[in-house]
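Sequences listed follow chains A, B and C, in order.
Using our numbering, you'd call the opening residue of the first sequence number 1 and step up by one each time.
Using our numbering, you'd call the opening residue of the second sequence number 1001 and step up by one each time.
Using our numbering, you'd call the opening residue of the third sequence number 2001 and step up by one each time.
Just so you know, the hints here were simulated from the structure itself, not pulled from any lab data.
All of these numbers come straight from a predicted model, not from anything done at the bench.
Hints are supplied without guarantee of correctness; some may be wrong.
[Stated by the list, open to error] If we take Cβ atoms under 8 angstroms as the criterion, some of the chain C residues that face chain A in the derived model are:
{"hint": "1", "residue": "Pro2014"}
{"hint": "2", "residue": "Tyr2017"}
{"hint": "3", "residue": "Ile2018"}
{"hint": "4", "residue": "Val2022"}
{"hint": "5", "residue": "Leu2083"}
{"hint": "6", "residue": "Ile2087"}
Note that CB positions come from ideal geometry on N, CA and C, so glycine has one too.
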Amino acid sequence: MAAYAGFLKRPVSPTGVWSWLTTVDHKRIGLLYGVTALIMFFIAGIEAVIMRLQLSSSEQTLVSPEIYNQLFTMHGTTMVFMVIMPMGAAFFNYLIPLMIGARDVAFPRLNAFSFWMFLFGTLLMHASFLTMSAPAMGWFAYAPLTSLEFSPASGVDYWVLGLQVLGIASMAAAFNFVVTIINLRAPGLTLMRMPVFVWMTLIISFLLIFAFPVITIALTLLQFDRWVGTHFYNAAAGADPLLWQHLFWVFGHPEVYILILPAMGIVSDILPTFTRKPLFGYPAVVFAGVSIAFMGFGVWSHHMFTTGMGAWANGVFSFATMLIAIPTGIKVFNWLGTLWGGAIQFKTPLLFSIGFISMFTLGGLSGVMHAVVPVDTQQQDTYFIVAHFHYVLFGGSLFGLMAGIYYWFPKMSGRMLNEGIGKLNFWLMFIGFNMTFFPMHIVGALGMPRRIYTYGADQGWDSINMFMTIGSLVIVASFLAFMVNVIRSLQSGERAGDNPWGAATIEWSISSPPPHYNFLEIPTVTSRYPLWEEGHSKGAAQIHGHDDDDGHAVHMPDPSYWPLVLSAGIAMLAGGLLIWKWHQILGFTVISTFGLLALYATYRWAFEPVNEPNHEEPHQ
Amino acid sequence: MAHVQSIEEQTSTGLNNRKLLMWAFLGSDCMFFGALISTFLVYRGRSGSSILEFHESHDAIKDAIGISAGGVSLILILLGIVAFAFTLMAVRRGIVKRIIPAVLVLFAIVVIFQSIWIAGHQPEFTAHECTEMGGLVLPGGESCEVTLAENLLDIPLTSLSTFVLLMSSLSMVMALSALERNNLPSFRTWLTATCILGVVFLGFQVFEFNAFLQEGLTPRENLFGSTFYVLTGLHGAHVTLGVLWLSSLVVASFKGKVTQKSVLDVEIAGLYWHFVDIVWIVIFSVIYLIGAYGIG
Amino acid sequence: MASSNIHEKTHPGPRQYITIAVILVLMTAIEVGVFYLTITPAAMTGIVLLLALGKFSLVVGYYMQLRFDDRRFLYLFTVGFVLALAIMIALMALFGSLTR
Chain A
1 MAAYAGFLKR PVSPTGVWSW LTTVDHKRIG LLYGVTALIM FFIAGIEAVI MRLQLSSSEQ
61 TLVSPEIYNQ LFTMHGTTMV FMVIMPMGAA FFNYLIPLMI GARDVAFPRL NAFSFWMFLF
121 GTLLMHASFL TMSAPAMGWF AYAPLTSLEF SPASGVDYWV LGLQVLGIAS MAAAFNFVVT
181 IINLRAPGLT LMRMPVFVWM TLIISFLLIF AFPVITIALT LLQFDRWVGT HFYNAAAGAD
241 PLLWQHLFWV FGHPEVYILI LPAMGIVSDI LPTFTRKPLF GYPAVVFAGV SIAFMGFGVW
301 SHHMFTTGMG AWANGVFSFA TMLIAIPTGI KVFNWLGTLW GGAIQFKTPL LFSIGFISMF
361 TLGGLSGVMH AVVPVDTQQQ DTYFIVAHFH YVLFGGSLFG LMAGIYYWFP KMSGRMLNEG
421 IGKLNFWLMF IGFNMTFFPM HIVGALGMPR RIYTYGADQG WDSINMFMTI GSLVIVASFL
481 AFMVNVIRSL QSGERAGDNP WGAATIEWSI SSPPPHYNFL EIPTVTSRYP LWEEGHSKGA
541 AQIHGHDDDD GHAVHMPDPS YWPLVLSAGI AMLAGGLLIW KWHQILGFTV ISTFGLLALY
601 ATYRWAFEPV NEPNHEEPHQ
Chain B
1001 MAHVQSIEEQ TSTGLNNRKL LMWAFLGSDC MFFGALISTF LVYRGRSGSS ILEFHESHDA
1061 IKDAIGISAG GVSLILILLG IVAFAFTLMA VRRGIVKRII PAVLVLFAIV VIFQSIWIAG
1121 HQPEFTAHEC TEMGGLVLPG GESCEVTLAE NLLDIPLTSL STFVLLMSSL SMVMALSALE
1181 RNNLPSFRTW LTATCILGVV FLGFQVFEFN AFLQEGLTPR ENLFGSTFYV LTGLHGAHVT
1241 LGVLWLSSLV VASFKGKVTQ KSVLDVEIAG LYWHFVDIVW IVIFSVIYLI GAYGIG
Chain C
2001 MASSNIHEKT HPGPRQYITI AVILVLMTAI EVGVFYLTIT PAAMTGIVLL LALGKFSLVV
2061 GYYMQLRFDD RRFLYLFTVG FVLALAIMIA LMALFGSLTR
C-alpha cells in the first residue's frame, strides 16, 4: 500500500509535534510515558497534600466530606494506575530494547498505541473533575457503594471507563514486552544473563496479561449493573457484593507485585554498579521474582479477612501470604549481600537504592503482620494499613523509581544530574517520607480509621497528625529539589559520556542519548556484566554504536498515525458510552461512529507495512 | 500482510513474534472467560422467582405466521443451503461479480428466516407451560411464579449451533491446509464457509436471545438473566470480531494480498477462531448441559 | 524465513482434520445423549466434563496444532488455562457452590 493512500501521507519527518504523535520509537514513547507520569504524580501529590492539610488537626473544615472522598479515591487511583505503572512503563520502554541489544520492541506501533491509550484513559478519568463529581468510592470501589443506588453521580462511570481504557494500554504493552524479551534478545543473551530489570519486566508482563482480564470482567459486570440494570452485585436479587471484592483482588494482588517488581529490578541493577561487584545470588533473585509472581495469584483474599469468609478460607490465605514473604526476604538478603564487601560509591542512585531496601523491608514487615488474621482484624481499615502500603509503594516503588531516574537520566538526556541537589532530594524525601508515614503505624494502632475526613478533638491524634502533615510538606520540598535538579541539568548539566557510572550492562556501551537505531551492530553478549569483562575494550569497537554515517544503513520501522487514530477512536467510544447514559441517541451515534472508525483503523493498521517501500529514512 | 521489511527476521527462540503474541493473548483470554464462567457458576441457583402473566395467543396474524412458519422455514432452509453452496462455488471460481449478490441473497435468507421465527415465536403461556417449567400457578389463575433459569435453555437448538461452530473450526483448518498447498480457490472457499458458519452461529444466538426475551427473561429479570446474557453475549462478541477478521482476509485474498506467503497470518487468525470454538465447548457443556440437567 | 514457525511434515492433513471433526461430532452427540438419560447429576457432570475436556484437547492439539508445534506455545497457553481453572475452583469453593 503506497504511502499516499488515505488522507494523509505516512509521516516521515523526524522533528516537530507530528513526529511525536506518530512516533513508534521506544525511546520517545518511554519519555512520553515518563513526562505524563510525572505530571500525574504532581496532581496526585497535590491531592495528598490537601488531605494532609485537612487532617492536620481535628475538626478541620478545609474540605467537605464529599470532596475528601473524591480526593482519596483519585489520589489512590492516580498513583497506582497513572503514576507508578506508567513510570515503570517509561523505564520498560526506554531500557528494555537497549538492555537486550534490540533496535526496538517487537511491535513498535502497538507500543505507541499503548501510550496513547494510557494518555486517553488518564484524561477520561480526570474529565470527571469537570463534572464536579469525581469518583468518591475509594480506589478499590467496593460494591454495593458503586451501585446506582448509592453512587448515582457519574464519577463511578468515569472511573470504570477510564480504567477499562487504561487496562487496554497496560495489556497491549504487556503482550509487547513478553514477545520482545522472549524473542528479541541479542545473540548470546540467554535468559540467565539478562539484567534483573529485564527479568522483572518479563515477570510483570505475565502478571499483567493474566491478572488484568479479571478486573476487566469485574468492571464490565459493574458497567452492566449501572447501565443495563443487571444484578451482578445486587444483594436484593440474590447476588453477593463480595464477588466484586474477589474479582478485584484476584487482579489487585498481582497488581501490587506489578507495582513493586520494576523497582526491585532497578535496584538489582544499580547495586552492582555502585558496589563494583556482581549481584549476590543472581539466580536466587530471579527465581524469587518468578515465585512471587506465581504465589501472588494465591493470596488475594488477605484483603478480605474481615468479610466473614470463614476459618478455612482465612487460614489458607493467611498461610499463603506468609509464604510469599520468603522469596521477598531472599531478595532483601541478596541485596544486602551485594552491598557487603563492595567498594561502595554513595552516589544518589545508590542512596535511593538503600532507601528502597530499608523502607521496603519495613513495609514488608507490617505486611507480614497483616497476614496474621487476628492481628489484621484490628488493623484492617485503620491507618496501620495506610502505613504499610505507603512504605511498600512510596518507600519501595517510588524510591526505586527515583533511583532509576537518577541512574538512567544521563543515558536518556546526555546530561548528568547534580550530585549535591540529588543528595538533598534524597534526604528530604527520606526524612519527609518517614515523618509522614511512620507515625501512621502508631495512630493506626491507636484506632484512627482510614478514609475519614476529620476526627474528634478528644481522640488525642492531633499532634501526631500535625507532625505527619509537616512531613508531607517536607516531601513537597524534596520534589521541588528534584524538579530544580532536572531543569538545571537539562539546560546546563554536565555532559554525560557513554558510561558515566562505569556500569556493566550493554545500554551503557552506546552514546548518551542513544542514536535512534540504538546499536549500529547488534552486540554478542557473553556474560551478565559484559562491559566489565576482560578485553572489553577490544570488543568496544563492536559494541559501541558510534557511527559516522548517521545510521543510514540501519532500517527502523516507519512512524505511523494509526496507533493514535485507533486509540482516539476507542477513547471516543468510551466517551460515547458516558454520553449514552445521559442521552441515548446521541450516545449511540457516537459509539457507532467511533466503533466503525476503530474497526477501520485496525484494518488499515493491519495492512500497513512496517516500512514503506522507497522512502526517505527518517532520523529521530 | 505485506511486510516490505520485517524487523522479525531472527528471533531468539526461533518462534514467530506474532504467533507468540497470539498464544499469549489466548492464555490471557482464558482468564477473561474464566472470570465470567466463575461468575455464572457462583451465582447458579441463586435467582429469585419471577411472576409471569398467562396469555394465550389471540393474535391472528401471529398465529398465521406461526402456522406457516414451519412450512416456509423448510423452504427457506433449502434455499439457504442452495445459496450457501452457490456462494462457495462462486468464491471457488473467483467470480467476484457473483460472490457479492450470492452473499447478499444468503444474508437475506438468514434474516427472513430469523424474522419469521421471531415474529411467529409466541410463547403461549398457560398453566400447562407454567407447571412444565416447574412453576407455581398463583391464586387467581392469572399468573405463574417460576424461576426463569436453566429450564428455558433449548438443548436441541443449542446442540445444533454447537455443531455449526465445530464445523466452522473444521472449515478453518481446511482453509489453512489449502493455503499451505498454495490452492487459493480452495482456501477462499473454505474460509468463506467458516465466515458463513460463524454468522449462522450468531444467528442461532440472536434467535435464542430473542426467544428468552419474549419469554420474560431479560438481563434485569434475575441473576440467571444477568450472567447468561453477559457471558454468552461476550462470547458472541468474540465470534463477531472473528468473523470480521476472517472476512477481511477473504476480501484481501481477492486483492492478491493473501498468498501462500501469508500462511502464518491465516494460521494466527485460525488460532483465534479455534479458541472461540473451545470456549463455546466449555460454555455448552457447563452452562447448558450440566446446568440444565434435571431441570425442566 | 528462518524464524517463522514452519511446521514439521508430521502435522495433520485434510483427511485427519475430517476424522477429528467426525470424532468431535460424535462426542457432542454422546454429551447430548447423556443429557436425556436419567442418571445421578454427579455422574452426568463427570461424563460431560470428561467429554468436554476431550473435545477441548482435540481442538487445541490438532486444529491449533499444539501437539506438533514448539513446546513453549503449549506452556504459554497452559499457564493461562490452569490459572483460570484454579481461580474458578477457588471462587466456587469460597462461595459455597462446589457442593450444590
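Problem set entry | Cut-off 8 angstroms, beta-carbon criterion: hint that Pro2014(C) touches chain A | Hint violated; Pro2014(C) Cβ to chain A Cβ min 28 angstroms, cut 8 angstroms.
Exercise. Given Tyr2017(C) as an interface hint, is the shortest Cβ-Cβ distance to chain A below 8 angstroms?
Worked result: 27 angstroms, violated
Problem set entry | Interface hint status, Ile2018(C) versus chain A (Cβ within 8 angstroms) | Ile2018(C) check fails; min Cβ-Cβ to chain A is 31 angstroms, beyond 8 angstroms.
For this session: Please verify that hint: Leu2083(C), Cβ, nearest Cβ of chain A, below 8 angstroms or not.
Result: 6 angstroms, holds
Problem set entry | Evaluation of the interface hint that places Val2022(C) against chain A, nearest CB under 8 angstroms | 34 angstroms, violated
For this session: Go through the hint on Ile2087(C) and say holds or violated, using the shortest Cβ distance to chain A against 8 angstroms.
Result: Nearest chain A Cβ about 6 angstroms off; hint holds.
Of the numbered hints given earlier, the model fails hints 1, 2, 3, 4; all others are met.
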